[in-house]
Amino acid sequence: MATTEVPLPALPEAHEERAGLVDYLITVDHKKIGVLYIFTAFAVFLFGGVLALLFRLELAQPGMQVMGQNTYNQLFTIHGTVMVLLFAAQVSTGLGNYLMPLQIGAADVAFPRLNAMSYWLYLFGTLVLLSSFFVAGGPAASGWTAYPPLSDSKYLQGTGMDLWIIGLALAGIAAIVGAVNLVTTIFRMRVPGMTMFRMPLFTWGILVNQLIILFAFPAITAALAMLLLDRNFGAGFFDPARGGSPVLYQHLFWFFGHPEVYIVILPMFGIISEIVPVFSRQPIFGYRALVFAFFGIAALSFGVWAHHMFTTDAIYLPFFSLLTMLIAVPTGIKIFNWIGTMWGGAISFTTPMLCAIAFIFVFLVGGITGVFLGSTPIDFQVNDTYYVVAHFHYVMVAALLFAMFGGFYFWFPKMTGRLLSERLGKWHFWLLFIGFNVTFFVQFNLGLEGMPRRIADYPERSWGTYNTISTVGSFIMAIGILVFIWNFFVSLRRGRPAGDDPWEGNSLEWVTTSPPPHHNFHEIPEIHSERPAFDLRHRPPSEADAR
Amino acid sequence: MFLVVAGLLVWSMLRYRRRGDELPPQIHGNNKLELTWTLIPLLLVIVLFVVTIQGQNKALQRSTRPALEVDVLAFQWSWRFAYEGQGVEVVGSPGNVPELVVPVGQPVRIRLRSADVVHSFYVPRTLFKRQAIPGRTTEFDLTFEKVGTYQGHCVQFCGLAHDDMLFRVRVVSPGEFQSWLAQASRSGSPSQPGT
Amino acid sequence: MTDEAAVLLRVSLFGFVSGIIYWFVSYEPLGTVALLLLGAGPGFAGLILVQAHRRQGGAAESRGDTLRRLAGIPPPDPPGPEDLRDDDLGVLPLPTIWPFATSLGLAIMLTGLIYGLWLIVLGGGIAAYGTWGWLAAINRENRYGRIQAEQPPANPGPDPDRADG
Chain A
1 MATTEVPLPA LPEAHEERAG LVDYLITVDH KKIGVLYIFT AFAVFLFGGV LALLFRLELA
61 QPGMQVMGQN TYNQLFTIHG TVMVLLFAAQ VSTGLGNYLM PLQIGAADVA FPRLNAMSYW
121 LYLFGTLVLL SSFFVAGGPA ASGWTAYPPL SDSKYLQGTG MDLWIIGLAL AGIAAIVGAV
181 NLVTTIFRMR VPGMTMFRMP LFTWGILVNQ LIILFAFPAI TAALAMLLLD RNFGAGFFDP
241 ARGGSPVLYQ HLFWFFGHPE VYIVILPMFG IISEIVPVFS RQPIFGYRAL VFAFFGIAAL
301 SFGVWAHHMF TTDAIYLPFF SLLTMLIAVP TGIKIFNWIG TMWGGAISFT TPMLCAIAFI
361 FVFLVGGITG VFLGSTPIDF QVNDTYYVVA HFHYVMVAAL LFAMFGGFYF WFPKMTGRLL
421 SERLGKWHFW LLFIGFNVTF FVQFNLGLEG MPRRIADYPE RSWGTYNTIS TVGSFIMAIG
481 ILVFIWNFFV SLRRGRPAGD DPWEGNSLEW VTTSPPPHHN FHEIPEIHSE RPAFDLRHRP
541 PSEADAR
Chain B
1 MFLVVAGLLV WSMLRYRRRG DELPPQIHGN NKLELTWTLI PLLLVIVLFV VTIQGQNKAL
61 QRSTRPALEV DVLAFQWSWR FAYEGQGVEV VGSPGNVPEL VVPVGQPVRI RLRSADVVHS
121 FYVPRTLFKR QAIPGRTTEF DLTFEKVGTY QGHCVQFCGL AHDDMLFRVR VVSPGEFQSW
181 LAQASRSGSP SQPGT
Chain C
1 MTDEAAVLLR VSLFGFVSGI IYWFVSYEPL GTVALLLLGA GPGFAGLILV QAHRRQGGAA
61 ESRGDTLRRL AGIPPPDPPG PEDLRDDDLG VLPLPTIWPF ATSLGLAIML TGLIYGLWLI
121 VLGGGIAAYG TWGWLAAINR ENRYGRIQAE QPPANPGPDP DRADG
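Residue numbers (my numbering), protein chains in the order written: chain A, 1 to 547; chain B, 1 to 195; chain C, 1 to 165.
Worth double-checking, as some hints may not be accurate.
Pairwise CB distance ranges (calculated) [unchecked claim]:
#: 1; chain 1: B; residue 1: H28; chain 2: A; residue 2: L127; range: 42 to 52 angstroms
#: 2; chain 1: B; residue 1: I27; chain 2: C; residue 2: L70; range: 29 to 39 angstroms
#: 3; chain 1: B; residue 1: L14; chain 2: A; residue 2: Q157; range: 55 to 65 angstroms
These aren't lab readings, by the way, just hints derived from the structure by calculation. The C-beta atom is built at its ideal place from N, Cα and C for all residues, glycine as well.
Using the sequences and the accompanying hints, generate a full structural model.
Written out as C-alpha cells, the structure reads:
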C-alpha cells in the first residue's frame, strides 16, 4: 500500500532544535506550547502539593502545633484553588496541545498564535494569583469555593482575595480561548480519511473536554466578576442586606464547578483508552460506545451541579440526585470496555499499563462513593466531611495522577526520543499507589465518623490516629513524586533511545519520528481505521488493501 | 459492585498476561455486551434512587406538633439557641461551647438562621446537616433516640475560627428537660453553657 | 450539515430539553436560565454553521442522512471530496512575540481593576500594542501569503475502501 505524500511547507529549519528562552517566548508551535503548559502545570502541582504536606503536618495530631488558624485556612484555600483550577485542567490541555494535532495528522492547531496567547494568559493568571502571597494579609482564605458572604469584602479584607479573583479570571479566559482553538482544530484539520469515528480516543476526550470548557467557564467568569463587583465596587449580588442571595453564587459556581471536574477527568479517560489497547495488544473494546459514553457523561455533567448544594434546602433534590447517580452508567460502560479490552488480550505490565490499571481501581472507588454521595440522605450525613474529601481525591487526584503519569510514561519517548526508566517508574508507581491509598482511604472513615472539612483542628482525640496515618501516607506520595522527577531528569540525559514507536502504538503520532519534526510529519499514511499505526505495521506485504 | 468489577480486572490481569509476540484475536466489541452493562447499572441506579427518595423523605419529614421549637442562630464563631416562648437563651463563644438541651424521643423543630456568613449545623450522631444562609430561615426536625451528649460542628467554612465553632447537644429525659427549662427561665439571663 | 453543526445542535437540544424539564420540576430560575442558554448559544452557532455550509455549496443531504448525523450515527459512505479542506493543510505562521505581549497587557489590565486606573491604562496600552502587531502580521500574511506548500496539496485520490467506513 503506497503512502500518500502530503506535500508539507518548506519551513526554514536551518536553526538547531534546541530551544532557548526567547524561542519559547515567541513560539507558536503547538508542541512547544504543550510542553510549556505541562511544565507550568506540574510546577503548580508541586507547589500545591507542598502546601498540602504542610497542612497535613498540622492535622496529624489534635492541637495546633505547626501554624495558626489563618495560615491553615489560607493554605487549604490555595491548595484547592491551584490544584483544581491551575493544574488539573491545564495538564490535559498541555498534553492535548502536544498530541492532538499529531493524532489527527495536522501540522499545528487551527490558530497557532491564539494558542500561544492562551498559554501566556494562563501563566500570567497563575502568577497574579500566587502574587497574593506577597501582599498584606496574604492569600485568600475563603476555601477554593469562595462562598460569599465570607468572600465578600465585609468578612475577608485585603487584596489577596481580589488577586485570587483576577488570577482565576485570566486563567478562565485562557481556557475559553484555548477551547475554541482545539475544538476548531479537531473539526477542521483532520488528515483526509480520518473521519470523526476514526479519531483516537484521546482526541475524543480532548474534544469533549474542550466543549465542556466552552459551555461551563462563562458561569464561573460571571460569578467571579460579580464577586469582584461586590467586593470593590459596591454591588450587592450576593449580599442579602441589599437584596442579593448567597445561594445565587453557589448555583453559578457549581454550574461551572461540576462540569469542571469532568473537564479534568475526560482527557484522562482518553489517555487510559490509548494505553490499555496498546499494552493488551487488542483494539479498544467498543470504540463507538466509548465515544457515546464521553458525550453522555458530558451532557449529564451539566445537569447535576446542585448535588453540591443538597444541604441548602434551596433546591429540588430528586432531579439532581437521579442525574448524579445516572452518571455512573456511562462511566461504568467505559470501565467495562477497558476491562473488555484487556480480556482475551496479551497484557504487558509496563509502567504506563500499571498506571492505567491503578486508574481503573481508584476510579471505581471514587466513582462508587460518588454515586452514594448522590443519594440525598447519605449526603445529608457526609456532605462537608472528610468522606467528600476522600471521594474527590480518589477521582480528581488518584485517577488524575495515574492517568497523567501513565500518559507521561507513554508519551515521553515520543516527545524526547528517550524512554523513561522502567525500574524507577515502578518505584514511583508503587510509592504513589500505596501512599495515596494510605492517605485517603482512612479519610472515608473519618468522614463517616463526622470529621468536618476545612478545620484547622479537631476536638475529638480519637480522630488523631487516622489523621496521623493519613499524614504519613501523604509523605510516601511525595517521595514517589520525587522519584518521578528524578526519573525524568535522568532519562532525559541517559534514557534508552526510543525510536519512532517503542510501544507498538495505534495512533498516528507513532508514525512520525521521536521527537516529531517541526511540521509534525514527513509523510502520513492513508487512514482506514482508528488504528493507523497498527494498520501500517500489519499491512500485508502485497499491494492489497490493509486489513 | 466494586468487588465484581475489581475481580474482573484482577482476573483479566492474571489470565491474559503477554506470553510472546503473537497478536491475540482482535476483538472490536460486542453490542450485546454493551447493552447488558448499560442496562444492569441503569437498573441498579433506579433501585438506588427509589431507596434514596424513601430515605430522603424520612430524613426530611416534619412533625405536625413538635415537642419543642428552638431558634438556632449561627454567627462567627459560635451559636445561639433560643427556646421559643420560654425566654431561655444559650449563647456560646469560640472558647465557650454552647449546649443545646433537648428531651429524648420527641421531635425537636430547629429554626436555623445565620447572622453573617454561610454556616452549617451538623450533629454527626443525627446523620443530618443543614446550611444556615444569611437572609434565609430554614426549618427541620430532629428526633434524638438516646440519652447522652453529642458533639456538634459548623461544617461550612465560615472564616478564621471555623474549626472552633462547636456545640453540644445534651439529650435528657422529658422530666429532666422540664426541670432544666424551669430553672433556666427562672434565672432570667442567658444561661451559660454547661449547666 | 457538517459534523460541527450536528454536535452544536445536539448540545442545544440537550440544553433546551433539560432546561424545560428542570423548570417544571423545580421552578428554580437560575439553573433554568443557565440550561436554556446552554441551549440557545450552541443552537444559534449551529444554525449559522448550517447556513454557511449551505451557502458554500455544501452537498445537499437527504433528510434521513441529516437526522442520522444529528443523532451522531456516522454516514455509511467513506469521506468524499467535501470533507477535504485544501486550505487547512500545511500553512503555519512564523514565531512571534505578539501573543505574549497581548496576554501581558490583558493580565496587567485586569489586575488594574484592583489597583487603580493607571494600571488599567498601562495594561491597555501594552495590549493595544500587542493587538496592533498581531493584526499587522495577519495583514501581511493575507497580502503576501504564509509559508505556502510548494504545490497545492494533492488529493489522495479515490478512497480504495469503499466497502468499509
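Discussion item. Of all the hints numbered above, which does this structure not satisfy? Sort the numbers upward.
Written reply: none
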